[in-house]
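Residue numbers (the working numbering), protein chains in the order written: chain A, 1 to 324; chain B, 325 to 702.
Read the hints as simulated data drawn from the structure, not as lab findings.
Hints are supplied without guarantee of correctness; some may be wrong.
Only part of the chain A face toward chain B is listed, based on derived beta-carbon distances under 8 Å [unchecked claim]:
#1 66
#2 67
#3 68
#4 69
#5 296
#6 298
#7 300
Virtual Cβ for every residue (Gly too), placed ideally from N, Cα, C.
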Amino acid sequence: MPQMNMVQAINDALRHEMRRDSRVVVLGEDVGKVGGVFRVTQGLFDEFGDDRVIDTPLSEGGIIGTAIGMALYGLVPVPEIQFSDFIFPAYDQIVSELAKYRYRSGGEYPAKLVIRTPTGGGIRGGHYHSQSPEAQFIHVAGLKVVCPSNPADAKGLLLASIRDPDPVLFFEPKRIYRAAKGEVPEGDHTVPIGKASVVRKGQHVTIVVWGAMLYEALDAANQAAAQGIDCEIIDLRTLWPLDIETIITSVKKTGRVVVVHEAPKSCGLGGEIVALINEKAFLHLEAPPKRVTGFDTPFPYTLEMEYLPLSHRILPAIIETARY
Amino acid sequence: MEGSAHPVARHPLDTHAPDVVRVLRDDGTLDPTNDPGLRSDEVLTLYRAMVRARLLDERLVRLQRQGRIGFHIGCKGEEASILGSAFAMRQNDWIFPCYREFAAALWRGMPLQRYVDNMFGNTNDPVKGRQMPDHYTWKSGKFGSVSSPIGTQITQAVGFAWAAKIRKEDAAVLVYFGDGATSSNEFHNGMNFAGVFKAPTVFFCRNNGWAISVPTERQTASETFAQKGVAYGVPGVRCDGNDLFAVVKVTRDAVARAARGEGPTIIEALTYRLEGHSTSDDPKAYRPEAGLDSWRRLDPIPRLRRYIERTTGWTDAQDKELETELDAELQAAIAVAEKTAPPALESMFEDVFGELPWHLQEQRDELLRGPRAKGHGH
Numbered sequence: 001m002p003q004m005n006m007v008q009a010i011n012d013a014l015r016h017e018m019r020r021d022s023r024v025v026v027l028g029e030d031v032g033k034v035g036g037v038f039r040v041t042q043g044l045f046d047e048f049g050d051d052r053v054i055d056t057p058l059s060e061g062g063i064i065g066t067a068i069g070m071a072l073y074g075l076v077p078v079p080e081i082q083f084s085d086f087i088f089p090a091y092d093q094i095v096s097e098l099a100k101y102r103y104r105s106g107g108e109y110p111a112k113l114v115i116r117t118p119t120g121g122g123i124r125g126g127h128y129h130s131q132s133p134e135a136q137f138i139h140v141a142g143l144k145v146v147c148p149s150n151p152a153d154a155k156g157l158l159l160a161s162i163r164d165p166d167p168v169l170f171f172e173p174k175r176i177y178r179a180a181k182g183e184v185p186e187g188d189h190t191v192p193i194g195k196a197s198v199v200r201k202g203q204h205v206t207i208v209v210w211g212a213m214l215y216e217a218l219d220a221a222n223q224a225a226a227q228g229i230d231c232e233i234i235d236l237r238t239l240w241p242l243d244i245e246t247i248i249t250s251v252k253k254t255g256r257v258v259v260v261h262e263a264p265k266s267c268g269l270g271g272e273i274v275a276l277i278n279e280k281a282f283l284h285l286e287a288p289p290k291r292v293t294g295f296d297t298p299f300p301y302t303l304e305m306e307y308l309p310l311s312h313r314i315l316p317a318i319i320e321t322a323r324y
Numbered sequence: 325m326e327g328s329a330h331p332v333a334r335h336p337l338d339t340h341a342p343d344v345v346r347v348l349r350d351d352g353t354l355d356p357t358n359d360p361g362l363r364s365d366e367v368l369t370l371y372r373a374m375v376r377a378r379l380l381d382e383r384l385v386r387l388q389r390q391g392r393i394g395f396h397i398g399c400k401g402e403e404a405s406i407l408g409s410a411f412a413m414r415q416n417d418w419i420f421p422c423y424r425e426f427a428a429a430l431w432r433g434m435p436l437q438r439y440v441d442n443m444f445g446n447t448n449d450p451v452k453g454r455q456m457p458d459h460y461t462w463k464s465g466k467f468g469s470v471s472s473p474i475g476t477q478i479t480q481a482v483g484f485a486w487a488a489k490i491r492k493e494d495a496a497v498l499v500y501f502g503d504g505a506t507s508s509n510e511f512h513n514g515m516n517f518a519g520v521f522k523a524p525t526v527f528f529c530r531n532n533g534w535a536i537s538v539p540t541e542r543q544t545a546s547e548t549f550a551q552k553g554v555a556y557g558v559p560g561v562r563c564d565g566n567d568l569f570a571v572v573k574v575t576r577d578a579v580a581r582a583a584r585g586e587g588p589t590i591i592e593a594l595t596y597r598l599e600g601h602s603t604s605d606d607p608k609a610y611r612p613e614a615g616l617d618s619w620r621r622l623d624p625i626p627r628l629r630r631y632i633e634r635t636t637g638w639t640d641a642q643d644k645e646l647e648t649e650l651d652a653e654l655q656a657a658i659a660v661a662e663k664t665a666p667p668a669l670e671s672m673f674e675d676v677f678g679e680l681p682w683h684l685q686e687q688r689d690e691l692l693r694g695p696r697a698k699g700h701g702h
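One chain only, chain A, in its complex shape (with noise of 0.2 Å):
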């Protein structure tokens, strides 16, 4: 199998839906000819043409409207926002229409597409290129949202997403888009929506991370081994609908929990896995679960490696946990 980053198994991704579908098309902020920000829509251009890897104005409402109407009309869209914070030009569209046209029209009219934009932080982009906002989607009824944190995953769940029938919020974490290298499994190769990957087995704390933070964890795992606490780490992987039944056997068998996330903490998809936690496995805890994330304020530039829950801050919480 051949060594890929994130950015190219993406890109191998995409290029592999497009020879296999006619339908799937790109569209975005400078897709095209440049071949995105990040490069990731590589070489797209010039082997499928600008009917299918489309330079758009720079709108981000009016990229997720039009590609709601090119879904409707039968194509498979999959357009990119430049980062995960610009996205909320098209926020109404995302939550008012394209969420809700499966179920407002009675199913008449499905609409489905996959969205694509860099989120996370870590990369000095300061607020506006470095939030997660992940919750301010899963909120909303209607959409599937995914993260992944290495190139098989990332491209194995692309391509299912591509092919899931409902619209999907696809968060690539472009802390680790050329950080984060690996096998990626040639040709056709799916990983399925709403399953968690067991990354590291272990028996003292469950960890529930994903994206760019699960290599902190894992730094923070092996931190913690030293001092005798063996940690389970689970990448959620799919954020939304989350694969409940992986994190509560973990817990089951732990008793203990630590889920991280970047976004800030109130609020954030942490709450819900640990409410989730207290009320299917109340009677396993051995420990209040425990959450480290980023901060409720915005997303700072000189000091964000203090906001964000690195391993510094993880292995803390994974001790105090474990010997609560």
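The hints should help you fit chain B onto chain A, whose structure is shown.
Quick look at chain B alone, frame taken from chain A:
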């Protein structure tokens, strides 16, 4: 005007401005310059559809006042704009509605019974009771899905038309919106994208003078809504929206232009909302009654009536007969809809996703175990 929030918007004489396409003269004759050449059977069918829309509006408002339906949003005074434009579209063309165009949905083949089912939100409602009345859908008639947010359908219509162009298929899209929607983000986005990509779109602005209580002069400082097209490279045309023939003419021209691959057109139909915004609105709070008379004289139905009276000898007795027939049809549909059961409880959870995920299964099961397990209203 002292004490009133706004004057009556626009003067009816605007429809006599030199740039406004007008065909049907006050005496019921046609100006041959822009006559679309409708056959008399076509005109009679459209007249019948306009009278039916008017009758539905009157009866549905009454039903709402009686508390039998929750809401109605009508098109009284705008029937020529809506039916003339829907008529002008070809069979392979699509219509993306705002929320005031039930007459176009019926024109595209939505059975009256389904529309009335939608008013009651019962189990036969095309949208399964999931939306307010007048938020219907009719895909088999190439008619889109209604939502409430303003202007959102505009970019979608453009994307749909653009997709047809990408696939090299001959389909144009008619998208309806009101004068208020020209202030929305989506109007700008839609016009801009359609202009750049030459998407075969017919932007149909029903300029009915009002966005709920706000008159057109509070929406824009532009002289006309059609002229907004200039900035987007989209040709604009104004027509007398209460003149069925003028509406057909300008819409046909726009469709022909789209079909030739020349791209979008914006049509501004000058019409007037003779009633409130919806049954939830009382226009007396912001609009002096006195100003309405001049618009009532331009009511599209009597105007068309004068034409068919002159050309076919249509009589008052025939009007009565038509009304009796349409009323009977409507009363029968209401009787059926009112007796039709509400949607099943579990239908609340269907169509959120293609398949029911675990969390919705859990929530559905909880509802079905609860005290209302036998269903809504039991």
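Now the hints, each set against the structure:
1. At a threshold of 8 Å, the smallest CB-CB gap from residue 66(A) to chain B is about 3 Å, leaving the interface hint in force.
2. At a threshold of 8 Å, the smallest CB-CB gap from residue 67(A) to chain B is about 6 Å, leaving the interface hint in force.
3. The restraint placing residue 68(A) at the interface with chain B holds, with a minimum CB-CB distance near 5 Å, inside the 8 Å limit.
4. The restraint placing residue 69(A) at the interface with chain B holds, with a minimum CB-CB distance near 2 Å, inside the 8 Å limit.
5. Taking 8 Å as the C-beta contact cut-off toward chain B, the hint placing residue 296(A) at the interface is violated, the least distance being around 26 Å.
6. Proximity of residue 298(A) to chain B is violated relative to the hint, the smallest CB-CB distance being about 24 Å (cut-off 8 Å).
7. Interface restraint check for residue 300(A): the shortest CB-CB distance to chain B comes to about 30 Å, outside 8 Å, so the restraint is violated.
Violated hints, in rising order: 5, 6 and 7; the structure is consistent with all others.
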